[in-house]
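J.: All chains, full assembly: derive it from the sequences and hints.
Protein chains in written order, with this note's numbering: chain R, 454 to 566; chain S, -4 to 109.
Read the hints as simulated data drawn from the structure, not as lab findings.
What you are looking at is a predicted structure, and each value in this text was computed from that prediction instead of being measured.
A couple of the hints might just be wrong.
A few chain R residues that don't get close to chain S, going by computed Cβ distances all over 12 Å [what the hints assert, rightly or not]:
#  : residue
1  : 461
2  : 462
3  : 479
4  : 480
5  : 481
6  : 490
7  : 493
8  : 512
9  : 514
10 : 520
11 : 543
12 : 546
13 : 547
14 : 552
Pair by pair, the computed Cβ-Cβ distance ranges are [said to hold, decoys possible]:
#  : chain 1 : residue 1 : chain 2 : residue 2 : range
15 : S       : 93        : R       : 535       : 40 to 46 Å
16 : R       : 497       : S       : 5         : 32 to 38 Å
17 : S       : 72        : R       : 468       : 32 to 38 Å
18 : S       : 57        : R       : 467       : 44 to 50 Å
19 : S       : 22        : R       : 497       : 34 to 40 Å
20 : S       : 2         : R       : 508       : 35 to 41 Å
21 : S       : 47        : R       : 565       : 25 to 31 Å
22 : S       : 22        : R       : 515       : 31 to 37 Å
23 : S       : 22        : R       : 535       : 15 to 21 Å
24 : R       : 491       : S       : 70        : 38 to 44 Å
25 : R       : 533       : S       : 90        : 33 to 39 Å
26 : R       : 508       : S       : 70        : 23 to 29 Å
Each computed BS3-like pair below joins lysine-lysine, with the alpha-carbon atoms no more than 30 Å apart [claimed, not checked]:
#  : chain 1 : residue 1 : chain 2 : residue 2
27 : S       : 47        : R       : 470
28 : R       : 470       : S       : 52
29 : R       : 509       : S       : 47
30 : R       : 504       : R       : 491
31 : S       : 8         : R       : 491
32 : R       : 546       : R       : 470
33 : S       : 17        : S       : 52
34 : R       : 491       : R       : 470
35 : S       : 17        : R       : 491
36 : S       : 10        : R       : 513
37 : R       : 509       : R       : 491
38 : R       : 489       : S       : 17
39 : S       : 10        : S       : 52
40 : R       : 509       : R       : 558
Built from N, CA and C at the ideal position, the CB exists for glycine as well.
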Amino acid sequence: SQELEQSPQSLIVQEGKNLTINCTSSKTLYGLYWYKQKYGEGLIFLMMLQKGGEEKSHEKITAKLDEKKQQSSLHITASQPSHAGIYLCGADKSDQAGTALIFGKGTTLSVSS
Amino acid sequence: AAGVIQSPRHLIKEKRETATLKCYPIPRHDTVYWYQQGPGQDPQFLISFYEKMQSDKGSIPDRFSAQQFSDYHSELNMSSLELGDSALYFCASSLWGDLAYEQYFGPGTRLTVT
Chain R
454 SQELEQSPQS
464 LIVQEGKNLT
474 INCTSSKTLY
484 GLYWYKQKYG
494 EGLIFLMMLQ
504 KGGEEKSHEK
514 ITAKLDEKKQ
524 QSSLHITASQ
534 PSHAGIYLCG
544 ADKSDQAGTA
554 LIFGKGTTLS
564 VSS
Chain S
-4 AAGVIQSPRH
6 LIKEKRETAT
16 LKCYPIPRHD
26 TVYWYQQGPG
36 QDPQFLISFY
46 EKMQSDKGSI
56 PDRFSAQQFS
66 DYHSELNMSS
76 LELGDSALYF
86 CASSLWGDLA
96 YEQYFGPGTR
106 LTVT
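T.: Below, the structure is given as structure tokens:
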């Protein structure tokens, strides 16, 4: 079965610093999705990547999917306290219609001011 | 815009008791997914339903059952609760055939088993 491995597990950065979170899949991805979760709360969808080499940005967050579609990175520029939370990468469980999601174990980001 | 509604938001039960979690999908969404997220863990897929039929099954224990009703809301029934069942239970909804990222997640129900 497919697995997603995230690194690092946790990250503490000073406000204003840049950071990168990685997500590696054991199999070629149909789609790779990034979510943010505040502790004990629901998942907020951030971005979706489907094509090899694809890169998307929203405000200060940029996500990339490598050409082989097995690795993605999430980069935050000039981090702010509002970026703190748990970042999860997600992927399709299968290529079937109505497929569920599988997730990485998450990266806990703390931003110190 | 209406979101996925889950009730209750918090639930405390004792070991061996039963619990029922409810999920009300976004209007017109016909597919419901249940996920379990243990403390410090990633969400794990439990089960999904489309048009009241089970569409996929994940790591749902035999002690749990779920169903989807004609108004598309879904209920997760949990019996003989164990301490290890303490977790955040998410429901997500989508239109059948939508890509996985188009699942909209509810706020979750936090179940604590003591």
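J.: For residue 514 (chain R), is the shortest CB-to-CB distance to chain S above 12 Å, so the non-interface label stands?
T.: Check passes; 15 Å lies beyond 12 Å.
J.: Just want to verify: residue 512 (chain R) was marked as not at the interface with chain S; is every Cβ pair farther apart than 12 Å?
T.: Given that every Cβ of chain S is farther than 12 Å from that of residue 512 (chain R), nearest at about 19 Å, it holds.
J.: Taking only the CA atoms, is the gap from residue 8 (chain S) to residue 491 (chain R) under or equal to 30 Å?
T.: Judged against 30 Å, a Cα distance of about 24 Å means the pair holds.
J.: Taking the minimum C-beta separation from residue 480 (chain R) to chain S, is that value above 12 Å?
T.: holds, 15 Å
J.: Under the criterion that the straight-line Cα-Cα distance not exceed 30 Å, is the pair residue 17 (chain S), residue 491 (chain R) satisfied?
T.: holds, 22 Å
J.: Is the claim that residue 520 (chain R) lies outside the interface with chain S correct, judged by CB distances over 12 Å?
T.: holds, 21 Å
J.: So if I understand the rule, the pair passes when the alpha-carbon distance is 30 Å or less; does residue 489 (chain R) with residue 17 (chain S) pass?
T.: holds, 23 Å
J.: When you take the CB atoms of residue 497 (chain R) and residue 5 (chain S), is the distance between them in 32 to 38 Å?
T.: violated, 20 Å
J.: Would the hint linking residue 509 (chain R) and residue 491 (chain R) be met if the CA-CA limit is 30 Å?
T.: Within the cut-off at roughly 22 Å; holds.
J.: Okay, residue 47 (chain S) versus residue 565 (chain R) on CB: inside 25 to 31 Å?
T.: For residue 565 (chain R) against residue 47 (chain S), whose Cβ atoms are near 49 Å apart, the range 25 to 31 Å is violated.
J.: Are residue 10 (chain S) and residue 52 (chain S) close enough, with their CA atoms no more than 30 Å apart?
T.: holds, 25 Å
J.: So the hint says 38 to 44 Å: do the beta-carbon atoms of residue 491 (chain R) and residue 70 (chain S) match that?
T.: violated, 26 Å
Hint check: violations occur at hints 2, 6, 7, 11, 12, 13, 14, 15, 16, 17, 19, 21, 23, 24, 26, 27, 28, 29, 32, 36; the rest are consistent with the structure.
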